[in-house]
Amino acid sequence: MKQIAFVSGKGGTGKSTLVSSLSILVQDKMLADCDVDAPNLHILLNGKTLKQEDYFGAKEAVIDSSTCLKCGICRETCRFGAISEQLEIIPMKCEGCGACLLICPAQAISLAEAKTGQTYVSETARGTFSHALLDIGAEGSGKLVTEVRKNTFNFEENEKWLLIDGSPGIGCVVIASIIGTDAVVAISEPTKSGQSDLERVLAVARHFEIPAFVCINKYDLNPEITSQIESYCANNDFPVIGRIPFDPDVMKALQRFKTPVETGNPRVTEEITGIWIRLTEELAKPTAKQ
Amino acid sequence: MKIAVLSGKGGTGKTTVATSLAQSLPECQYIDCDVEEPNGAIFLNPDLSQKFPVQVLVPQVDDNKCNKCGECAKACQFHAIAVVKNKVLVFPEICHHCGACIIACPREAVSETKRTIGFVETSRRGHFLQGKLNIGEPISVPIIQDLKRRMHEGIPVILDCSPGASCTVVQSIEGCDYCILVTEPTPFGLHDLKIAVQVVKKMGIPFGVVINKATSDNTSIQDCCRESQIEVLLEIPFSKEIAEGYSRGLLPVQNELWKDKFRKLYKEVKKVQA
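In order, the protein sequences belong to chains A and B.
23 is the number that UniProt numbering gives to position 23 of the first sequence; each next residue is one higher, with no gaps.
173 is the number that UniProt numbering gives to position 173 of the second sequence; each next residue is one higher, with no gaps.
To be clear, the hints were calculated from the coordinates, so they are not data collected in a lab.
Don't take every hint at face value.
[Claimed, not checked] With a Cα cut of at most 27 angstroms, we get these calculated DSSO-like pairs of lysine-lysine:
#  : chain 1 : residue 1 : chain 2 : residue 2
1  : B       : 240       : A       : 258
2  : A       : 93        : B       : 202
3  : B       : 74        : A       : 93
4  : B       : 240       : B       : 264
5  : A       : 48        : A       : 160
6  : B       : 259       : A       : 192
7  : B       : 194       : A       : 252
8  : B       : 148       : B       : 270
9  : B       : 74        : B       : 87
10 : A       : 143       : B       : 194
11 : A       : 2         : A       : 160
[Stated by the list, open to error] Now the stretches of chain A that chain B is said to cover, found in silico as 3 or more residues with beta-carbon under 8 angstroms:
#  : stretch
12 : 38-51
13 : 71-85
14 : 92-101
15 : 127-140
16 : 161-171
17 : 203-211
Ideal Cβ placement from N, Cα and C applies to all residues, glycine included.
Starting from the given sequences, assemble the full structure and let the hints guide the process.
Structure, rendered in structure tokens:
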């Protein structure tokens with residue numbers, strides 16, 4: 001199964017719209033939503049849940065007040081400010097590192113598994129779909145992403161593709177979403193912010209030696225910046241595989257829980273079909289994966 | 001007063017709102033806490049005259065003292081140290097800088113060394129601050145902490161957060177007096193707004209909503225806010241003119257009318273503090 005991760009750097013450039021459109025156009029694939037703290041793909045996919053599990057992706061210190069000597073050494077040791085003056089653990093600040101437990105002279109502290117989210121595998125009309133939701137304010141979003149990807153392999157039935165909807169940014173969640181994939185597709189928009197964020201996320205893909213391709217969404221909104229993005233991509237060997245026109249109907253379709261493909265938007269559908277053809281052609285080239 | 005601007009969903013207009021608010025006030029400090037993808041500078045054009053590296057402490061092992069007992073690896077909850085074939089391997093990128101390995105080592109063979117994960121830049125008087133995470137680094141929280149240590153007192157501080165609702169957002173909004181949640185009238189915007197609302201409620205911070213790209217034929221956000229008794233502070237209409245300006249790094253507040261609206265928004269927000 002070839003894994004393709006869709007990222008953007010900047011949020012709101014059209015990752016989920018593109019992935020949900022491709023979920024209709026591409027056959028023989030699985031889907032994963034790795035934007036675990038603000039997942040959106042499930043809203044358009046409406047599946048039947050095959051598996052739902054609590055995910056324990058972090059640890060949390062627990063102080064046994066009956067054996068605690070109230071010496072406060074744990075509080076001095078904790079680098080995250082997670083132990084209050086009353087020597088109680090502040091769950092939202094505890095990283096579960098266990099430094100307090102190691103230093104405690106009375107062995108009054110232990111680490112407990114902490115639930116950090118919920119994982120789901122759903123059967124949808126468009127393929128098996130793995131997703132998750134991070135608990136409010138929980139640690140370990142990167143680990144939850146890894147779990148979402150692991151879940152796809154448990155339900156794999158020789159599908160040819162895995163389409164991964166990524167998250168904005170360039171940190172742990174994005175790194176966990178793209179590591180080990182066959183290709184990264186970065187969706188940008190011709191704005192100064194979109195351009196700056198695209199360059200940073202492409203640098204991350206290159207840092208991890210993953211072939212990366214670029215789509216410019218709403219390319220006609222600012223032709224000057226589109227051409228700047230294109231020359232940046234040409235100079236740095238990131239093939240541009242799509243230019244999706246700006247069309248207010250895309251947002252209107254989304255408001256009715258539909259992808260532009262379903263509402264029969266011909267220009268947008270044609271371009272998204274072309275993106276997939278060009279991507280598969282690029283991946284078939286022997287040089288695609290270093 | 002410390003005001004954080006967040007959204008859940010990315011691309012709804014956090015930076016537009018945060019920088020517009022900053023430009024509408026006579027004096028304030030703007031801090032770009034989206035250290036993975038900072039964009040505030042594009043709109044505020046600060047004179048970034050100072051740059052400071054952000055360093056974290058990661059373990060280093062003294063081979064002369066180490067007897068490869070593996071206690072450090074056992075103590076590390078993040079798998080940032082491994083002892084294999086009589087060799088100690090440190091993976092500094094995934095280290096959480098907690099110091100557990102130092103406590104665990106029975107031979108005092110583990111010490112700490114500084115490692116740069118990004119940097120903080122400020123304007124000359126520190127009214128504009130931004131942080132940048134280095135490419136390939138997963139952990140950005142220490143940069144946000146560094147930025148927050150540089151907060152000014154006595155003037156309004158505006159913190160522009162990253163998208164999502166994970167630890168970076170929690171770190172950014174902690175200790176703030178008010179949160180502005182920016183959303184857009186799509187099912188995605190509404191879904192992620194509800195997540196952002198849960199985060200700020202859990203942290204006990206007063207908040208209100210700004211609806212960006214508002215259209216007259218979709219009132220899903222207004223309906224949700226009314227039902228949940230959430231104040232809508234401002235609506236910014238869906239406008240090609242605003243979108244085109246944004247694409248070139250221009251803000252709606254170049255128009256006095258919008259500047260006025262943001263000043264009113266600030267007055268509303270300030271009432272909460274009183």
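Tested hints:
no.	hint	in the structure
1	B/240 / A/258	holds (22 angstroms)
2	A/93 / B/202	holds (13 angstroms)
3	B/74 / A/93	holds (22 angstroms)
4	B/240 / B/264	holds (24 angstroms)
5	A/48 / A/160	holds (22 angstroms)
6	B/259 / A/192	holds (22 angstroms)
7	B/194 / A/252	holds (21 angstroms)
8	B/148 / B/270	holds (21 angstroms)
9	B/74 / B/87	holds (14 angstroms)
10	A/143 / B/194	holds (23 angstroms)
11	A/2 / A/160	holds (6 angstroms)
12	38-51	holds (count 4)
13	71-85	holds (count 3)
14	92-101	holds (count 6)
15	127-140	holds (count 5)
16	161-171	holds (count 5)
17	203-211	holds (count 4)
Checked against the numbered hints given earlier, the structure satisfies every one of them.
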